[in-house]
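Undergrad: Protein chains in written order, with my numbering: chain U, 1 to 301; chain R, 1 to 279.
Hints listed in this document are in silico derivations from the structure and should not be mistaken for laboratory results.
Treat the hints with care, since some could be wrong.
To be verified - Mimicking DSS-like on lysine-lysine, the simulated pairs with C-alpha atoms at most 30 Å apart in a straight line are: (1) U:Lys208 x R:Lys11; (2) R:Lys94 x U:Lys11; (3) R:Lys174 x R:Lys157; (4) R:Lys94 x U:Lys10.
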Amino acid sequence: MRENMKQDAKKERMSELVPHLIFLFCGLAAVAFVLCISVYLIISGIPAIHKIGIIKFLFGMKWQSTAAEPSFGILPFVLTSIYGTAGAVLIGVPIGIMTAVYLAKVAPKRPAAVIRTAAQLLAGIPSVVYGLVGMIVLVPAIQKIFRLSSGATLLCAIIVLSIMILPSIINVSETALEAVPREYEEASMALGATEIETYMKVSLPAAKSGIAAAVVLGVGRAIGEAMAIIMVSGNVANMPGLLKSVRFMTTAIASEMSYAAVGSLQREALFSIGLVLFLFIMIINVILNVFIKGKGKKDVA
Amino acid sequence: MSRRIWNNAVKAGLYICSAVTVALLVSLIGYIMYRGIPALSFHLLSTQSSYLNDTIGILPNILNTLYIIIVTMAIAIPIGVCAALYLTEYAENKKLVSAIEFAAETLTGIPSIIFGLVGMLVFTQLLGIKQGILAGALTLVMMIMPTIIRTTQESLKTVPMSYREGALAMGAGKWYMIRTVVLPNAVDGIVTGCILAVGRIIGESAALLFTAGFGLVLNNFVDSLTSSSATLTVALYVYASERGETNVAFAIAVVLIILTLVINMIAGLAAGRLRAKTK
Numbered sequence: 001m002r003e004n005m006k007q008d009a010k011k012e013r014m015s016e017l018v019p020h021l022i023f024l025f026c027g028l029a030a031v032a033f034v035l036c037i038s039v040y041l042i043i044s045g046i047p048a049i050h051k052i053g054i055i056k057f058l059f060g061m062k063w064q065s066t067a068a069e070p071s072f073g074i075l076p077f078v079l080t081s082i083y084g085t086a087g088a089v090l091i092g093v094p095i096g097i098m099t100a101v102y103l104a105k106v107a108p109k110r111p112a113a114v115i116r117t118a119a120q121l122l123a124g125i126p127s128v129v130y131g132l133v134g135m136i137v138l139v140p141a142i143q144k145i146f147r148l149s150s151g152a153t154l155l156c157a158i159i160v161l162s163i164m165i166l167p168s169i170i171n172v173s174e175t176a177l178e179a180v181p182r183e184y185e186e187a188s189m190a191l192g193a194t195e196i197e198t199y200m201k202v203s204l205p206a207a208k209s210g211i212a213a214a215v216v217l218g219v220g221r222a223i224g225e226a227m228a229i230i231m232v233s234g235n236v237a238n239m240p241g242l243l244k245s246v247r248f249m250t251t252a253i254a255s256e257m258s259y260a261a262v263g264s265l266q267r268e269a270l271f272s273i274g275l276v277l278f279l280f281i282m283i284i285n286v287i288l289n290v291f292i293k294g295k296g297k298k299d300v301a
Numbered sequence: 001m002s003r004r005i006w007n008n009a010v011k012a013g014l015y016i017c018s019a020v021t022v023a024l025l026v027s028l029i030g031y032i033m034y035r036g037i038p039a040l041s042f043h044l045l046s047t048q049s050s051y052l053n054d055t056i057g058i059l060p061n062i063l064n065t066l067y068i069i070i071v072t073m074a075i076a077i078p079i080g081v082c083a084a085l086y087l088t089e090y091a092e093n094k095k096l097v098s099a100i101e102f103a104a105e106t107l108t109g110i111p112s113i114i115f116g117l118v119g120m121l122v123f124t125q126l127l128g129i130k131q132g133i134l135a136g137a138l139t140l141v142m143m144i145m146p147t148i149i150r151t152t153q154e155s156l157k158t159v160p161m162s163y164r165e166g167a168l169a170m171g172a173g174k175w176y177m178i179r180t181v182v183l184p185n186a187v188d189g190i191v192t193g194c195i196l197a198v199g200r201i202i203g204e205s206a207a208l209l210f211t212a213g214f215g216l217v218l219n220n221f222v223d224s225l226t227s228s229s230a231t232l233t234v235a236l237y238v239y240a241s242e243r244g245e246t247n248v249a250f251a252i253a254v255v256l257i258i259l260t261l262v263i264n265m266i267a268g269l270a271a272g273r274l275r276a277k278t279k
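Model the full structure from these sequences, guided by the hints.
TA: As structure tokens, then:
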């Protein structure tokens, strides 16, 4: 009898322990993915950087991966990614923040719902669809306006990117603006400020850490986008210029990986570009975390 | 006086920017429909491309998209839900929880081209899985994991503590309690998360280029797992920028947009139900 009870207890412990362990392993899967991604990018990205030389790789101005005497300088890609992202932020952020202010503070219920749905749907449209419309509408338009031989330029990519980052900027800024205590605004209005003055000069500064997070999130989106801009940016390894055909870090990987021979230095160099892009993203993540944590601290105080 | 002008100017700015957002969406969808609907035909949707007859059909790509959704979700749902269960129901070690949550957050920020790169390295080169739906799906599992973990966690948190206490007080074991009380009450949220994840899978392209491949040939489910298979998005890219078949590309865009709208609607309904329940 006692023996039986002991066995039952053991069985029960097992039936509790097994699910517990399975859940633990699944939880660790996310950590494993991140480790796996970091380790593999480092392992496969380092060799080419070592062979080419880090200075020559990062600051070389020429990328001729298939020439008889190939050179692998990725400065054009890095600068293009930075300029493209900066341009997208410059256009997308003001529009996004203004929309968020309207949504959070001014808009009546119905229009707010319409705009929110619009932003949500914009976020859901696949990036190749943005690329397609950009390629068919934007590229010829820019070609005509600036009388270029090809309209596939950095400017085109910037416009597409600024539309693509709009939803996340609107969404995150709106949440930040809605969290501003009503008392701040009431105090400002009681002192004689108009509603608009209150929203722009009190609410916006009060929500600044949330809005900064929105901007950083937009930067991350823009720098990581590949398929939409590969179709509109011309894909030539030029140093960036607003009306030149350019190639981003992401599009360099996407366009050359399909024909780079296994084991070649060209392929290894593409992995190295991936590693550099990954470092950029990690830095952006750290900044984002600082903003979010900073906000948390202030709330406590 | 200048104050009034400033006020009105800013107010106009707010209205204009909001209008721009809506106008962008309306003109985008309008233009795609205008270009794509005339190019849609039953023949296009129901056949595969044939060089002999010089016809184009996107049936293989529709099926590939469906296959990749099925395989990805079949792997990602169990792992994601279990991870969320661990985080909300079991975990006592705070450090471990924050490590897992940080990892999930990091995964959200990684661009899809990097997932594609690593997926190719790990699944096709290291593990020797041939380019195809399976390698693509495994790559996507890494990508959508955070979405499923987060939405499941949120819905687990909406299950009242008293349900759990009640079950435990009746003598149920923890796992029994989770199976019979917690999970059934959190299922709406899990479904919402899955719908969002499906939306992401449908729209994904960069992660699939080198993992699922470009193949435009019709395969059955088993063969497609390990043979190069383009989803709708990848096919759109191939037809638009490599074949110059703009009309076909717009027809695929229409299919994608309709799928996106449907997914959004379903997700909205599911989220609405969830909200009604928590109130």
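Undergrad: Work down the list of hints and note, for each, if the structure agrees.
TA: These are the hints, each one checked on the structure:
1. U:Lys208 x R:Lys11: holds, 20 Å
2. R:Lys94 x U:Lys11: Distance of about 29 Å is within 30 Å: holds.
3. R:Lys174 x R:Lys157: Satisfied, since the Cα-Cα distance of roughly 16 Å is no more than 30 Å.
4. R:Lys94 x U:Lys10: holds, 28 Å
In this structure, none of the earlier numbered hints is contradicted; all agree with it.
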